Amino acid sequence: MLEDNVQPNLVTLLSIIRDCSLTGEHQNFGCVHGWVLKLGLVSASALPNSLAEMYSKNGFVNEGLKIMTSTGVECLDPDAIAALIHGCTVSGSFSCGEQLHGLLMKSGFFPCVIIENSLIDFYAKNERVSSANSIFNQMESRDIVSWNTMISCFIKNDRAFEALEHLTELHSINRGDLAPDSISILCSIQACSELANLQQGKILHAYSIKSGFNSDIFICNALIDMYAKSGRLDFAKQVFKDADPKDIGSWNSMIQAYGIHGDGRSALNLFTQLKKLGQRTPNAITFTNIISACSHSGLTKEGINCFDMMQTEYNIKPNMDHYGCMVDLLGRSGKLEEAEKFIDNMPIDASSDVWGALLGACGVFGHVEIAERAAEKLAVLEPDGLVWRVALSNVYANARRWVDVGSLRKEMKRGGWTKEAGWSLVEVEGKGRFKFVVGDTRHFESERIYEVWRSFKEHSIDVH
Numbered sequence: 001m002l003e004d005n006v007q008p009n010l011v012t013l014l015s016i017i018r019d020c021s022l023t024g025e026h027q028n029f030g031c032v033h034g035w036v037l038k039l040g041l042v043s044a045s046a047l048p049n050s051l052a053e054m055y056s057k058n059g060f061v062n063e064g065l066k067i068m069t070s071t072g073v074e075c076l077d078p079d080a081i082a083a084l085i086h087g088c089t090v091s092g093s094f095s096c097g098e099q100l101h102g103l104l105m106k107s108g109f110f111p112c113v114i115i116e117n118s119l120i121d122f123y124a125k126n127e128r129v130s131s132a133n134s135i136f137n138q139m140e141s142r143d144i145v146s147w148n149t150m151i152s153c154f155i156k157n158d159r160a161f162e163a164l165e166h167l168t169e170l171h172s173i174n175r176g177d178l179a180p181d182s183i184s185i186l187c188s189i190q191a192c193s194e195l196a197n198l199q200q201g202k203i204l205h206a207y208s209i210k211s212g213f214n215s216d217i218f219i220c221n222a223l224i225d226m227y228a229k230s231g232r233l234d235f236a237k238q239v240f241k242d243a244d245p246k247d248i249g250s251w252n253s254m255i256q257a258y259g260i261h262g263d264g265r266s267a268l269n270l271f272t273q274l275k276k277l278g279q280r281t282p283n284a285i286t287f288t289n290i291i292s293a294c295s296h297s298g299l300t301k302e303g304i305n306c307f308d309m310m311q312t313e314y315n316i317k318p319n320m321d322h323y324g325c326m327v328d329l330l331g332r333s334g335k336l337e338e339a340e341k342f343i344d345n346m347p348i349d350a351s352s353d354v355w356g357a358l359l360g361a362c363g364v365f366g367h368v369e370i371a372e373r374a375a376e377k378l379a380v381l382e383p384d385g386l387v388w389r390v391a392l393s394n395v396y397a398n399a400r401r402w403v404d405v406g407s408l409r410k411e412m413k414r415g416g417w418t419k420e421a422g423w424s425l426v427e428v429e430g431k432g433r434f435k436f437v438v439g440d441t442r443h444f445e446s447e448r449i450y451e452v453w454r455s456f457k458e459h460s461i462d463v464h
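According to UniProt numbering, the residues represented by the sequence shown are 1 to 464, in order.
Keep in mind that the hints were calculated from the coordinates and are not lab data.
Wrong hints could be hidden among the right ones.
Below, computed lysine to aspartate or glutamate pairings styled on EDC-like, alpha-carbon distance capped at 16 angstroms [what the hints assert, rightly or not]:
1. Lys156 / Glu140
2. Lys246 / Asp216
3. Lys210 / Asp247
4. Lys435 / Glu445
5. Lys57 / Asp79
6. Lys413 / Asp384
7. Lys241 / Asp216
8. Lys125 / Asp79
9. Lys156 / Asp216
10. Lys317 / Asp349
11. Lys275 / Asp247
12. Lys276 / Asp216
13. Lys335 / Glu369
14. Lys275 / Asp216
Predicted model, so just to flag it, every value in this text is computed and none were measured.
Please model the entire structure based on the sequences and the hints provided.
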């Protein structure tokens, strides 16, 4: 076209920009942008939007923001602005996103559902739950995306109770265009999984069947996980059996379910079945789950074999989760020296989770020297960490090294590191949910509760 001395026009450039945006050929971005400037078309209404979207969708957020500031935010449409916000989200440009939010507020862009939804997602993925919730609460009109984004925000930020509260509120609206959809149900089942809320999970399962969502494989996989974590392995097995077709996530969820319940043999049998069928190829998550299942079942040799198989037969490079599972596998079987040597030979620097697994195993088997070496690594990786300090204190206490216990506790007190009281939640069918907090004596039957607990503790000691 240029060789024939035919200059591109508005339609030509719009077509090229949209093609570049879809293909991500960033080497052409500057060229096409240059032609827009050369032909004086930057003020044409559609071009600033297309350019801003092209840059932001492909990770060049600053360039997109420059277009917005040079042409004026009022020249961009909601879709282009939403693309800019999304660009800030995926690139981790929190300060740019905040500045953009402030500029939008000054420019009177609200209310606008598509922009507000993008902002909720932006703040959610930057762990600013209160900011996301504030935008959600101030919305004059919400669509199903608004609700799903907010519910997902709560789950991803460990606030599953609030996620379920929002689902209940959504369901109570009872309006056709705002009925919970498959994403709402999926997120809410995940919340039930986090809380081990069997009763609510069963209600959501029934709702998914009634609404025709039970054929959604993602919902099936979430149900397997929820039932397993809520103590109903039988229900998890039934959901897995009924899922047709199964994806690799289904197999992974069921293998993990057996691991959660300490049934490593069944997990290995299912893994063998997966390999024999050949319909789905095991992936990195499959091996994380099967090694973890072996770890929780004392199947050390089998777990090591799976780790080796992952690399030799499936050419999967181990990630930090795999290394952590292997250290846990060796540590739980008392092979502490071997676990430490395994970490030393890792091709990447071990994370705090890996060293934490070794330290935790030292607490069980009472190896003070290795525990101290693990703690030294953790002091560098997590200088303000409380969990590893408590774990090291327990190692010292079990070894009756009370001077070291006292020194560590003084250090924790000076640093202002206080441990939140542990608690557990028990759901009794037909009677509700009961929360038990460490050291709490306010319950009217606390004396009986502690009596039962002491009996469990004595029985556990006798077994070991």
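Here is what the structure says about each hint:
| no. | hint | in the structure |
| --- | --- | --- |
| 1 | Lys156 / Glu140 | violated, 25 angstroms |
| 2 | Lys246 / Asp216 | holds, 10 angstroms |
| 3 | Lys210 / Asp247 | violated, 23 angstroms |
| 4 | Lys435 / Glu445 | holds, 13 angstroms |
| 5 | Lys57 / Asp79 | holds, 11 angstroms |
| 6 | Lys413 / Asp384 | holds, 12 angstroms |
| 7 | Lys241 / Asp216 | holds, 14 angstroms |
| 8 | Lys125 / Asp79 | violated, 20 angstroms |
| 9 | Lys156 / Asp216 | violated, 21 angstroms |
| 10 | Lys317 / Asp349 | holds, 15 angstroms |
| 11 | Lys275 / Asp247 | holds, 13 angstroms |
| 12 | Lys276 / Asp216 | violated, 25 angstroms |
| 13 | Lys335 / Glu369 | holds, 14 angstroms |
| 14 | Lys275 / Asp216 | violated, 24 angstroms |
In the structure shown, a violation is registered for the earlier hints numbered 1, 3, 8, 9, 12 and 14, in ascending order.
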